[in-house]
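Residues per chain, in single letters:
There are 2 protein chains.
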Amino acid sequence: MTASEETVQRAPALLETSDDIQRWLENTSRAERSRRVAALSKSQLAAFALLLSARSGPEVLRSVDADLAGKVLRAGAARYSARLLEAMDLDDAAEILRRMKEAQRSPLLDAVSPDYAQAVREMLDWPAESTAAHMIPDAFTVESEMTIAEAETAIRTQALRIRGKDRIGGLIYVTDADRCLVGVVETQDLILAQPDQHISDLMDQDLAWVSALVDAEESAQALADYDLPALPVVNEQRRLLGVLTADAAADILEEETTEDAERQGGSAPLEVPYLRAKPWLLWRKRIVWLLVLFVAEAYTGTVLRAFEDELEAVVALAFFIPLLIGTGGNTGTQITTTLVRAMATGQVTFRDMPRVLVKELSTGALIAVTMAAAAVVRSWTLGVGPEVTITVSLTVGAIVLWSAFVASILPPVLKKLKVDPAVVSAPMISTIVDGTGLIIYFMIAHATLSQLNGL
Amino acid sequence: MTASEETVQRAPALLETSDDIQRWLENTSRAERSRRVAALSKSQLAAFALLLSARSGPEVLRSVDADLAGKVLRAGAARYSARLLEAMDLDDAAEILRRMKEAQRSPLLDAVSPDYAQAVREMLDWPAESTAAHMIPDAFTVESEMTIAEAETAIRTQALRIRGKDRIGGLIYVTDADRCLVGVVETQDLILAQPDQHISDLMDQDLAWVSALVDAEESAQALADYDLPALPVVNEQRRLLGVLTADAAADILEEETTEDAERQGGSAPLEVPYLRAKPWLLWRKRIVWLLVLFVAEAYTGTVLRAFEDELEAVVALAFFIPLLIGTGGNTGTQITTTLVRAMATGQVTFRDMPRVLVKELSTGALIAVTMAAAAVVRSWTLGVGPEVTITVSLTVGAIVLWSAFVASILPPVLKKLKVDPAVVSAPMISTIVDGTGLIIYFMIAHATLSQLNGL
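Protein sequences appear in the order of chains A and B. Okay, so the first sequence: first residue is 1 according to the UniProt record's numbering, each after it adds one. Okay, so the second sequence: first residue is 1 according to the UniProt record's numbering, each after it adds one.
No wet-lab data here; the hints were simulated from the structure. The structure presented is a predicted model; accordingly, all values stated were derived computationally and were not measured. Just so you know, not all the hints are guaranteed correct.
Given that identical chains are not distinguished, each listed pair holds provided it fits within a single copy or across any two copies.
Simulated pairs of lysine-lysine, DSS-like, Cα-Cα distance not exceeding 27 Å [stated by the list, open to error]:
id	residue 1	residue 2
1	K418	K101
2	K285	K359
3	K359	K42
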């Protein structure tokens, strides 16, 4: 998109000076940086780490994932890496350090300034899933009785201290003597105001805030829903602890969406970028669900063996097995993916279940009629005779409706049981419909096929 | 999360004054607002539209989807609705008007001020998918030779004019005499600077920008990747046209992720919020893919009929059909969902195909061995004898590898052909693997089962 991304990409192993790094950054997209850095050998990584400056280092570390950034930091000498770490915003630094073992983390934290180490340790004390763990633990603050001129002086002083000030989003929080949050003003409003006005004249008291221990994903979704540039994070006494920035929220949501997608595909979340996942890791993340589904699907074999006589009497029944259960799985998958996404964005909740059910069963009825007609055409082209044709088309209709019912109920019920509805994957819904669909098939066959009388 | 969301929700039909609306907004979550407004009858909607003020109106209209917002605007008298429209940021107004027919749009645009109408019409002239169609068509601008004091005066004047100034994100763009973009300064830096410094002392010339006609999704992803608060939009001469804000980018990405999820579930994107989709619409969005997949899946019937003699000779072979093709579909779905998501976030491109293939075939080999072992256990419990057991477990392994191969190749190839790889849905990959998997099954059966000799 910008000119930089069209430029030829270079391998970081060929870079020799800090200026080379700077140019490399300007000419390399983020995805490409990750890939290139991940490909470096241990000794190349150590050389690369030495070339990073206080300017280029944070940018490199922020453009790769936290695991890889940790590797870069550990590749360099602790004293040198500590300098890079200190040049980073606290939230970014904490995210990298959180993924290290204490033994890897300690040498780095021993080498940074005591203040910085203390601040990082406080960040690491928050539970990894909490909003506080993802905030910048600082903010521009003024008090409501200050004049604009006093406020500007206060902000100038704070600007020397606050890390990540350019990401806080132009918002200045108004606190009382106990540092409790009472309002917000925008930097732009300060510029537009007269110097003798007071903060209380400008401030907006009707602001959104979030408690430190609220799940980070929930806060990020709220920030996105309300189009906020940042969300102040407070403790139980409403004391201001820090700020969740819009870019941190976007990262949280992107990661959550990726995890949901992986769950929807019937796999456990990878937790590392795909290209960095080794086959063993992929195997581990995937095999559990595959085996669970295999065991569940195995019962289709039991069903089919139970109907062995029917299959021997009318072997044509077997021709339609993949088509019938496939259609059931497809119908169910369409519903669950739409529903799971609508639940992830907060559009649909458990309370909507009756509406969802009515909507999906009505749609299911329309689809059942259409698919039954398609099944008549298909049976006719296979030349299996009118009786099997009737069996197959009745079964398609029944399976479509059954599948719609299961698929509409499962995600909201799981959500209610505090299970992430994203685990209702396409493979799971297919597996559930496969076995039950076969039972429906043979029950209908018994009712419609004269050859099966007496079986 | 904030206290407001825990409060009891009230129906907007019971609201009687503008103050009621204000309180209702404070006490109702965004998803709930959408739901309540959507449930209003035509006459209730007209009454509701009349209660909206220049303050509450834009908030209500922004918290429901663009189609529904358009309905609200059309429900009120044109002159009244025009006032609400004029209170909105231009990008939000344009998004609503873009979805109306010209006959619905004209009365509204005739009733707003000529300047506003002109600005909206310019927005509507951009292609719907372009970045420019989603920008705020204005920005704070200063020139590099200005002093800080001069710049502040310029900004004060512009603040009276710029709609959406609180969303532009604290960035002030530096332009030359032709309004071409040459740099950027942050509002905070203005406050921190001395009044006699010049803009040229503060400005950062190394800034990202995007061309007006670039696909909006691409720009939004770039803004998110680089953690930018906003992205300036320029024409071919690098003249500044407006700003893509972070919240607009987040909306674009959320919508795109929803569309991808719907495609991944084997449905066409709904384009309206799920709860507002009527059964006929759902039917229309889903039936096309269902029929395509049905026709594709129908060929499993042809395969099975071709192997009718084998099925009659060893009816036990039929028991394993759903299990074998199900496992193939599951393996493929795991790969495509992970891969499609990695491609949507830009982590994986066509160039990575060889690496993806090596990774997936290695993982596939591990999975094939595990699943073959599971198949031995399952065959043994079904009591089908050693020959069928060998057939089934060899087939599981072969199908897993085949599925891994197809699933790794399809998304990057489609991307290369300019088809959205998200169309490689779970149902599609299952369907492809079903028919081909059956052929593999019977080929292996022929090689391993003595009963099939001579067939």
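A quick look at each hint next to the structure:
Proximity of K418 to K101 under the C-alpha cut-off of 27 Å is found in neither arrangement, the shortest distances being 30 Å within a copy and 44 Å between copies. For a Cα distance limit of 27 Å, the shortest separation of K285 from K359 across copies, 14 Å, qualifies, whereas the shortest one inside one copy, 35 Å, does not. For the homomeric pair K359 and K42, the shortest alpha-carbon distance between copies (21 Å) is at most 27 Å, but the shortest distance inside one copy (57 Å) is not.
Going down the numbered hints, you'll see the structure goes against just number 1.
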